[in-house]
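Given next are the chains, with one letter for each unit.
Number of protein chains: 4
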Amino acid sequence: MALRSPAEFKEGLQDGRVIYYKGKQIKDIVAHEDLGIGVEHVSLDYELAENPEHRDLYVWHDPDLNQPCSRYFKIPETTEDLLNRRRMIEESTRLADAVVLLIKEIGSDAIFALDLITNKVDSKFGTEYRNRLRAFLEQCKVNDFSLAVAQTDVKGNRSLLPSDQEHADYYVRIVEERADGIVVRGAKAHTTCAPYVDRIIVLPTRAFGENDGDYAVSFAVPVNAPGLKLIASPFGSPPISSFHHPVSSRHRMIDTLTVFDDVFIPNENVFLKGEWQYAGPLANTFVEYHRFTAVSYKPPLCDLFIGAAALLAHYNGIAKASHVRDKLTKLITYTETVRGLSLAAAHDCLKQDTGAVVPDITKTNLAKYHFANGYHQAVSWVQDIAGGLVVTGPDE
Amino acid sequence: MALRSPAEFKEGLQDGRVIYYKGKQIKDIVAHEDLGIGVEHVSLDYELAENPEHRDLYVWHDPDLNQPCSRYFKIPETTEDLLNRRRMIEESTRLADAVVLLIKEIGSDAIFALDLITNKVDSKFGTEYRNRLRAFLEQCKVNDFSLAVAQTDVKGNRSLLPSDQEHADYYVRIVEERADGIVVRGAKAHTTCAPYVDRIIVLPTRAFGENDGDYAVSFAVPVNAPGLKLIASPFGSPPISSFHHPVSSRHRMIDTLTVFDDVFIPNENVFLKGEWQYAGPLANTFVEYHRFTAVSYKPPLCDLFIGAAALLAHYNGIAKASHVRDKLTKLITYTETVRGLSLAAAHDCLKQDTGAVVPDITKTNLAKYHFANGYHQAVSWVQDIAGGLVVTGPDE
Amino acid sequence: MALRSPAEFKEGLQDGRVIYYKGKQIKDIVAHEDLGIGVEHVSLDYELAENPEHRDLYVWHDPDLNQPCSRYFKIPETTEDLLNRRRMIEESTRLADAVVLLIKEIGSDAIFALDLITNKVDSKFGTEYRNRLRAFLEQCKVNDFSLAVAQTDVKGNRSLLPSDQEHADYYVRIVEERADGIVVRGAKAHTTCAPYVDRIIVLPTRAFGENDGDYAVSFAVPVNAPGLKLIASPFGSPPISSFHHPVSSRHRMIDTLTVFDDVFIPNENVFLKGEWQYAGPLANTFVEYHRFTAVSYKPPLCDLFIGAAALLAHYNGIAKASHVRDKLTKLITYTETVRGLSLAAAHDCLKQDTGAVVPDITKTNLAKYHFANGYHQAVSWVQDIAGGLVVTGPDE
Amino acid sequence: MALRSPAEFKEGLQDGRVIYYKGKQIKDIVAHEDLGIGVEHVSLDYELAENPEHRDLYVWHDPDLNQPCSRYFKIPETTEDLLNRRRMIEESTRLADAVVLLIKEIGSDAIFALDLITNKVDSKFGTEYRNRLRAFLEQCKVNDFSLAVAQTDVKGNRSLLPSDQEHADYYVRIVEERADGIVVRGAKAHTTCAPYVDRIIVLPTRAFGENDGDYAVSFAVPVNAPGLKLIASPFGSPPISSFHHPVSSRHRMIDTLTVFDDVFIPNENVFLKGEWQYAGPLANTFVEYHRFTAVSYKPPLCDLFIGAAALLAHYNGIAKASHVRDKLTKLITYTETVRGLSLAAAHDCLKQDTGAVVPDITKTNLAKYHFANGYHQAVSWVQDIAGGLVVTGPDE
Ligand SMILES: Cc1cc2nc3c(=O)[nH]c(=O)nc-3n(C[C@H](O)[C@H](O)[C@H](O)COP(=O)(O)OP(=O)(O)OC[C@H]3O[C@@H](n4cnc5c(N)ncnc54)[C@H](O)[C@@H]3O)c2cc1C
Ligand SMILES: Cc1cc2nc3c(=O)[nH]c(=O)nc-3n(C[C@H](O)[C@H](O)[C@H](O)COP(=O)(O)OP(=O)(O)OC[C@H]3O[C@@H](n4cnc5c(N)ncnc54)[C@H](O)[C@@H]3O)c2cc1C
Ligand SMILES: Cc1cc2nc3c(=O)[nH]c(=O)nc-3n(C[C@H](O)[C@H](O)[C@H](O)COP(=O)(O)OP(=O)(O)OC[C@H]3O[C@@H](n4cnc5c(N)ncnc54)[C@H](O)[C@@H]3O)c2cc1C
Ligand SMILES: Cc1cc2nc3c(=O)[nH]c(=O)nc-3n(C[C@H](O)[C@H](O)[C@H](O)COP(=O)(O)OP(=O)(O)OC[C@H]3O[C@@H](n4cnc5c(N)ncnc54)[C@H](O)[C@@H]3O)c2cc1C
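Protein chains in written order, with my numbering: chain A, 1 to 396; chain B, 1 to 396; chain C, 1 to 396; chain D, 1 to 396.
Just so you know, these hints were derived from the structure itself, not from any lab. Since no wrong hints were added, every one of them can be taken at face value.
The list treats identical chains as one, so a pair stands whether inside a single copy or across any two.
Using 20 Å as the maximum straight-line C-alpha spacing, the simulated SDA-like pairs for lysine to any residue come out as follows:
id, residue 1, residue 2
1, 155, 324
2, 10, 30
3, 330, 373
4, 229, 389
5, 320, 158
6, 155, 384
Source: prediction; values computed, not measured.
All chains, please: the whole structure from these sequences, using the hints.
Put into C-alpha cells, the structure is as follows:
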C-alpha cells in the first residue's frame with residue numbers, strides 16, 4: 001500500500017476506538033460536527049501526497065522497501081533531509097492557515113529518538129529494542145500510519161519523582177509483566193491528535209531515579225486497544241462563527257487526556273521496559289527532534305501575524321504611520337529570527353553513530369526560545385494595530 | 001429618591017429600548033440568558049450603596065441637595081476625593097472578581113470633563129452649556145442614574161478628519177438643527193454597558209478642524225430615545241461552563257455598536273454644538289479623568305494574576321522554585337507600579353479654575369502605560385506557571 | 001555654631017587623616033589636583049545653607065537646640081519631612097550637574113535607621129544605645145558634620161556568613177573589648193566621600209547568625225582616628241579634559257577601601273556591640289531610608305539624559321524624526337516612573353513607634369528597580385541619538 | 001611579494017603621513033607610546049599569515065597570480081568562502097582579546113561592494129571602473145596592503161542632502177576635474193585604523209539626489225597623499241593601568257577625522273565619479289558585506305562576557321545562585337543568537353551576476369540587530385555579577 005488516500009485514512013479511524021467528549025461517548029469521530037473539523041484538517045497530509053504540485057516533497061521512494069512512502073518516515077541523515085522536513089512541515093502548516101497537522105511530524109520525531117536510544121540501550125543491556133522499532137517503522141511506512149505521541153504525564157507534584165508521589169498513577173507505569181507483553185496503567189495529559197490517528201507512541205516524560213523502573217516504559221499502541229480511553233478537551237470549541245473565527249472554525253487540533261486502564265502491550269511494540277537510566281536521554285532526544293519540528297511550523301503563524309497586521313493597517317488607513325512600520329519591522333524581526341535559527345540548526349546538525357543527524361541543539365533551542373519569549377509581545381503588536389473592533393464588533 | 005435598589009435599577013431598564021444581539025431583537029435584557037449576566041454583574045453597584053459595610057464609601061451626602069447620593073457623582077475637589085474614587089472603583093472591581101462595573105465610573109468621568117470644558121466654551125461663546133450640564137448632573141444624582149459613554153466613532157480612515165472621509169457618517173454628526181433641539185446621525189463603536197444603563201453621554205472622539213463643525217457635538221440621551229439602536233457584540237459569549245470560565249460566566253461587560261438613526265436631542269441635553277475648537281480639549285479632558293478610572297480598576301486584575309499564579313504554583317508543587325519566585329516578584333512589580341503611580345497621580349492632582357482637580361496627567365498616563373505595556377508579559381508569566389492543562393484539560 | 005561655611009568645612013579636613021591614592025599618601029586632600037575635585041564638589045552642601053535662595057529649604061530651626069541647623073539632620077516624622085528631603089537631595093544634585101553630594105544624605109539615613117533600631121535593641125537588652133545615638137546626632141547638628149557611611153564589607157565568599165569565611169577579616173569585627181570601648185579590625189569596601197567628611201558611621205552589611213556576634217557592630221568614628229586608613233579608588237581619574245568630560249572634570253565622588261587597623265572606638269560612639277539578631281534589621285532599615293535617598297538623586301541624572309538627547313537631536317537635525325520622538329518619550333517615561341514612585345513612597349510612608357516615618361518600602365524599591373532595570377537601556381537611547389562622534393571625535 | 005611580515009608592515013608606515021593627536025603632530029606612529037598600541041595590535045594580522053597553526057586559514061593561493069596572498073582578498077563565491085571569512089575574523093579577534101583588527105576586513109568589504117557596483121555602473125554608463133578596481137585589488141594582493149575605509153561623512157544636518165546643507169563641505173566632494181584625475185575636498189569622520197594602514201578607500205555614505213553629483217565619489221588613496229591629514233581621536237586614551245584595563249592597555253582601535261584638503265586622486269584610483277544614482281547602491285552593498293564582517297567579530301566579545309561573568313561568579317562564591325545561572329544563560333542566548341544568525345546568513349547567501357555571493361541580507365541584519373539591541377543589557381548582567389568593586393577598587 002504505502003500511501004493512503006484521505007478517504008482510506010478516515011476509514012481507518014472507524015475501528016471501535018473509545019472517545020469521550022463533553023461527558024458523552026463519540027460514535028463517529030469523522031462525522032462529529034465539532035471534532036470532525038480536526039479530522040478534516042489533518043487529512044490534508046494525505047491530500048498533499050496525492051497532489052502533483054506537492055508530491056515530490058511529501059513522497060519519498062524508500063530504497064529498502066522499494067516503494068514510495070511518506071517522506072516523514074525518512075530518518076534524517078543529512079542537512080538536506082532536515083531541510084526537507086522543515087519544508088514539508090512549514091508548507092503544510094501554511095496551507096492549513098498556520099495550524100500544524102502533526103499526525104506524522106511528532107510521531108516520526110519519536111521514532112528518530114527511539115532509533116538512537118534503543119541502539120544505546122541494546123548495546124548496554126543486550127536487548128533487542130531497535131529491531132522492534134525498525135519493524136514498527138516499516139509498518140508505519142507500509143500502512144502510511146498517522147501517529148500521536150503521548151509523552152507528558154499528569155505528574156502531580158512537579159518537584160517529586162514518580163515513586164515519591166502521593167499516588168502511584170501520576171505517571172504511566174507497568175503494572176504487570178507477562179511472557180508476551182506488559183500491562184500499563186495511568187494517564188498521559190494533552191495528547192494532540194490522539195482521536196484520529198492510527199497509533200500512539202508512548203515515551204517517558206523525564207529522567208527518572210532507580211526506584212522509578214516501572215515508569216521507564218516506551219511503546220506503540222493502536223488507538224482501539226482494549227482499555228485505552230481518550231477524553232477529548234473542549235477548549236476552543238465551538239468557535240461561534242466562521243465570520244469571527246475564520247481559522248479555528250476550519251482548522252483545529254484536538255488534545256486528549258489519554259487513559260491507560262490496564263492496557264496490554266505485546267512485546268513487539270515495547271521499546272523500553274525498566275531501563276530507567278535511559279528514560280531521560282530518550283525524553284531529551286525526542287525533544288531535540290521535536291523542537292526542530294516546532295520551530296519549523298511556527299514561522300507560518302508568524303507570517304500570518306505580519307500579513308494580518310499589514311492588512312489591518314491598510315484597513316485603518318495607517319499603513320504609513322511610523323509606529324505601524326515599527327511594529328511591522330519588529331514582527332518581521334521576530335519571524336525571521338525564528339526561521340533563521342531553525343535553518344542554522346539544520347545546517348549545523350550533528351552526525352550520530354547510527355548515521356542519523358540531530359539538528360544543532362543550541363540553535364534549535366534558541367529558535368524555540370525566541371518564538372516563545374516573543375510570542376505575547378508579537379500578539380500585542382497585531383492587536384495594537386487592529387484597534388478595539390476585534391473584541392467588540394457586532395455579529396455577521 | 002437619590003438612591004435606588006438593584007431591583008429598581010433593573011425595573012428602569014424595561015423602557016422599550018431597542019437592542020439587537022446575534023441578529024435578533026432582545027425583548028427583556030434582564031431575563032436574557034446571556035446578556036442578563038451583564039445586568040446582574042453591574043447591579044452590584046446598587047447593592048454596595050445599600051450594604052452597611054460599604055455604604056460609607058459609596059454614598060455621599062450632597063450638601064446642595066441635602067440628601068444621600070452616589071459618591072461617584074461628587075466632582076473631585078481634593079486629593080481625598082480622588083483617593084475615594086480610586087477606592088470605590090478598586091473595591092467594587094475586586095468584589096466582582098476583577099471585572100469593573102463601569103455604569104457610573106465612566107459616566108462621571110464624562111461629567112467632570114464636561115463641567116470643565118463647558119465652563120470654557122461658555123466664557124468664550126456666551127453659551128449656557130454648563131447650566132445644562134449641572135441640571136443633568138442633578139438628575140443623575142436624584143434618579144441614581146447609571147450611565148454609558150459613547151465617545152469612539154467608527155472612524156473609517158484613521159488618517160483623515162471626519163469631513164475628509166469617504167462617507168459623511170463615519171463620525172456621529174448633527175444633521176438637523178431645530179428650535180428645540182438637534183437631530184443626530186451616525187454610529188459610535190464599542191459602547192460599554194449601553195444595553196443596561198439609563199442614559200448615554202456622547203462625546204467627540206478627537207480634535208477636529210474648522211470644517212468638522214457638525215461633528216463637534218456632545219449630549220446626553222435616554223437609551224430608549226426613538227431612533228437609537230444598540231447592536232450588542234457576541235464576543236466572549238457564551239462561555240462554555242462555569243467550571244472552565246469561573247469569572248466570565250458570572251461577570252461580563254457587554255459592548256455595543258450604538259446607532260443614531262436620526263435621533264432627536266432636546267436642547268437641554270446638548271452640551272456642545274459646533275464649537276469644533278473644543279472637541280479636542282473635551283475629548284482629552286474626558287480621557288484624563290477616564291484614564292485615572294482605568295488605572296484604578298486594573299490593579300485588582302493584576303492582583304488576581306498574582307494570586308492565580310501563586311495558587312497554580314502551589315498546585316504544581318513548585319512554589320519554591322527560583323523561576324517561580326522570580327515570576328511572582330515580577331507580577332508584583334508590575335501590579336504595584338501601576339497602583340503606585342495611580343496613587344501618585346491622585347496626590348499630585350492639579351487644581352482647576354472651577355475648583356475641581358484633575359489627576360496628574362503624566363503620572364496617570366504612566367500608570368496606564370505600564371499596565372498596557374506589561375500586560376501580555378504578565379499573562380505569559382501566569383500561563384508559564386500554569387502549564388498546558390489550562391488549554392487541554394477535559395471537561396468538568 | 002550649627003552651620004559652617006564651605007571654608008570652615010575644608011579647614012576641618014586638615015586633621016592628620018591618612019589617605020593613600022595611586023600608591024602614595026596624600027598630604028592635603030583639599031589642594032590635591034585630582035581628589036580636590038571631590039572636596040570642591042561636596043562643599044556645595046555648605047554653600048546652599050548660606051545661599052538666600054536655598055537657605056529655607058536646607059536650613060531647619062531645631063526646636064530643641066533652638067538654633068538653625070542642616071535640615072538633613074531632622075528625623076522625618078511626616079510626609080512633608082520626606083518630601084523636603086527629596087527636594088533637598090534632588091535640587092542639590094541638579095545644581096551639581098546630576099552628581100549627588102552625599103556628605104549628609106547617607107549619613108542621616110544611617111542615623112534614622114539607628115534611631116529606630118537602637119530603640120528596639122535597648123528595650124530588648126536594656127542597653128543605652130539610643131541615648132548615645134541621640135548625643136551623636138546632637139554633635140552632628142551643632143558641628144554641622146559631614147558624614148560617610150561604611151556598611152559594605154569586602155565579604156569574600158558571598159554564600160558564607162562571616163564566621164564561615166576562610167579569613168576572619170572579610171567583615172569588620174570587634175577584636176578587643178575594653179572598659180571604655182572596643183577595638184575593631186577589618187576593611188569596608190567602596191566608602192563614598194570618606195576622604196573628605198568629618199565622621200564615618202559604620203553599619204553591619206547583612207543579617208548574621210549567632211556565631212557572628214563579633215561582626216555585629218555599629219559605631220561612629222572621626223576620620224583621623226589612629227589606625228584608620230583610607231585607600232582611594234583611581235576610577236574615573238583623571239578625566240582627560242573638561243571639553244570631553246564637562247561633568248566629571250568638575251564633579252566627582254571618591255570611594256575608598258576603608259581599613260580599620262585595630263581602631264579604638266570609645267563606648268559613647270558604639271551603637272551595636274554583639275547583638276547579632278539586630279544586624280539584619282539595622283542593615284535593612286538603613287537601606288530602606290537610603291534607597292529613598294537614591295531614588296531622590298537619580299531623577300536629575302535622568303533629566304540630564306533627556307536634555308542631552310534632545311540637544312543632540314537638535315544638533316543632528318533630527319528632532320522631528322519619529323524614532324527620536326519615540327526615544328525621548330521613553331526617556332521621559334523612564335524618568336517620571338522613578339520620580340513618581342519615589343513621590344508615592346513619601347505619600348504612603350509608614351509611621352513607627354518612635355514617631356518617625358519610613359518611606360513606603362514597596363514603592364521605594366520599585367522606584368529603585370525601575371531606575372536600575374532601565375538604566376542601560378536609557379543610556380543606549382542617548383547614545384543612539386548622539387551617533388558615533390562621542391567616541392571618535394578629535395580633541396578640543 | 002604577496003605576503004609581508006609584521007616588521008615590513010610597520011616599515012611601510014614610515015612614509016611621511018600627516019597625523020595629529022591631542023593637538024600635536026605625530027612623528028613616528030609605530031613608536032608612539034599611545035597610538036603605537038594600535039599598530040602593535042593590528043600587526044597580529046601579519047603574524048597569523050606566518051604562523052604555521054593559522055597559515056592555512058589566513059593565506060590563500062591565488063590561481064590568477066599563482067602566488068599565496070591574504071585570504072581576505074578572495075572575492076567570496078560560495079558559502080564556504082563566507083564561512084572562511086567568518087572564521088578568520090572571529091579567530092583573529094579572539095586572539096586579540098575580542099578587539100577586532102580591521103586592517104583588511106573592512107577594506108575587502110569595500111572591494112567586494114565596488115566589484116559588484118562598478119560592474120553595474122560600467123554597463124550603464126560605458127565606464128571602465130571595474131578594470132581599475134580589479135587592478136587595485138591586484139595591488140592589494142601583491143603588496144599585502146592594509147586598508148581603511150572612509151565612508152561616513154561629517155554630514156551636518158542629517159535631514160538634508162549634501163547639496164542642501166549650510167556648508168558645501170559637510171560631505172566629501174570633487175572640487176576639480178583634471179585630465180589625469182580629480183581633486184577632492186572635505187572630511188570623513190571616525191575612520192578606523194587610518195593612521196596605520198597603507199591605503200584608504202573612500203565610499204559615499206548614503207543615497208544622493210541628482211544635485212549631489214559632486215558628492216558621488218569613490219576612490220582609493222595612499223595615506224601619505226599630499227593634502228591628506230588625519231586627526232586621531234583621544235578617546236580611550238590613556239588607560240590608566242594594565243591592571244585595571246587588561247584589554248584596552250594592549251589592544252586598541254584608533255579612529256580619525258580624515259581631512260581631504262584638496263587631495264589629488266589619479267584616474268586609475270577613481271571608482272565612481274558623479275554617477276549619483278549608484279551612490280546609494282554602493283553604500284548599501286558595502287554595508288551588506290560589512291555587516292557580515294561585524295557579526296563575525298562580535299561573538300568573541302560576547303564570549304568574553306560569558307567567561308568574565310562565569311569567573312566573577314566563581315570569585316564571588318555565587319556560581320550556583322539561580323540568578324547567576326539565569327544571567328549566564330541569557331548571555332549565552334545572546335551570543336549564540338548572533339553567531340547562529342551570522343552562520344545562517346553565510347548558508348543562505350545570494351549569488352550575483354558576477355559570480356560573487358552576498359550574505360543573506362535579512363539574516364545579517366538580524367544578527368546585527370540582536371547584537372546591538374541586546375548589548376547594553378548584556379553588559380548589565382556582567383556588571384551585576386561583578387558587584388561594585390570594578391568601579392571602586394583601589395589601585396594595583
Ligand atoms: C496544545 C498543547 C499540545 C500538546 N501536545 C502534546 C502531545 O501531543 N504529546 C505530549 O506528550 N504532550 C503534549 N503537550 C504537553 C506539553 O509538552 C507540556 O504542556 C509541556 O511539556 C509542559 O508540561 P505541563 O503542561 O505538564 O506543565 P508543567 O511541566 O507542569 O509546567 C508547569 C510549571 O511548572 C514548572 N515546573 C515543572 N517541573 C518543575 C520542576 N521540577 N522544578 C521547577 N519548576 C518546574 C514549569 O516550569 C512551569 O512553570 C501539549 C501541550 C499543549 C499545551
Ligand atoms: C472592551 C472595550 C470597551 C470599550 N468601551 C468604550 C466605551 O464605553 N466608550 C467608548 O467611547 N469607547 C470604548 N472603547 C473604545 C476605545 O476607547 C477604543 O478602542 C480606543 O480608543 C481605540 O480606538 P479604536 O478601537 O477605534 O482603534 P483605532 O484608534 O482605530 O486604533 C487602531 C490602530 O490605529 C492607530 N491609529 C489611529 N489613528 C491614527 C493616526 N491618526 N495616526 C497613526 N495611527 C493611528 C492606533 O495607534 C492603532 O494602532 C472600548 C474599547 C474596548 C476594546
Ligand atoms: C559607586 C559606589 C558607591 C558606593 N558607596 C558606598 C558607600 O558609601 N558605603 C557603603 O557601605 N557601600 C557603598 N557601596 C557599596 C554598595 O552598597 C555595594 O556595591 C552593593 O551593596 C553591592 O555589594 P558588592 O559590590 O559587594 O557586590 P556583591 O553584593 O558581592 O554582589 C555581586 C554579585 O553577587 C550576588 N550575590 C551577593 N550575595 C549573594 C548571595 N548570598 N546569593 C546569591 N547571590 C549573591 C549579587 O546579586 C551580585 O550579582 C558603593 C558602591 C558603588 C558601586
Ligand atoms: C568606533 C567607531 C568606528 C567607526 N569606524 C568607521 C570606519 O572605519 N569607517 C567609516 O566610514 N565609518 C566608521 N564609523 C562610523 C559609523 O559607520 C557611523 O557612526 C554610523 O554610520 C552612524 O553615523 P553617525 O555617527 O554619523 O551618526 P548619525 O548617522 O548622524 O546618527 C545619529 C542619529 O541620527 C539619526 N539619523 C541620521 N540620519 C537620519 C535621518 N535622515 N532621519 C532620521 N534620523 C536620522 C540616527 O538614527 C541616530 O539616531 C565608525 C563609528 C564608530 C563609533
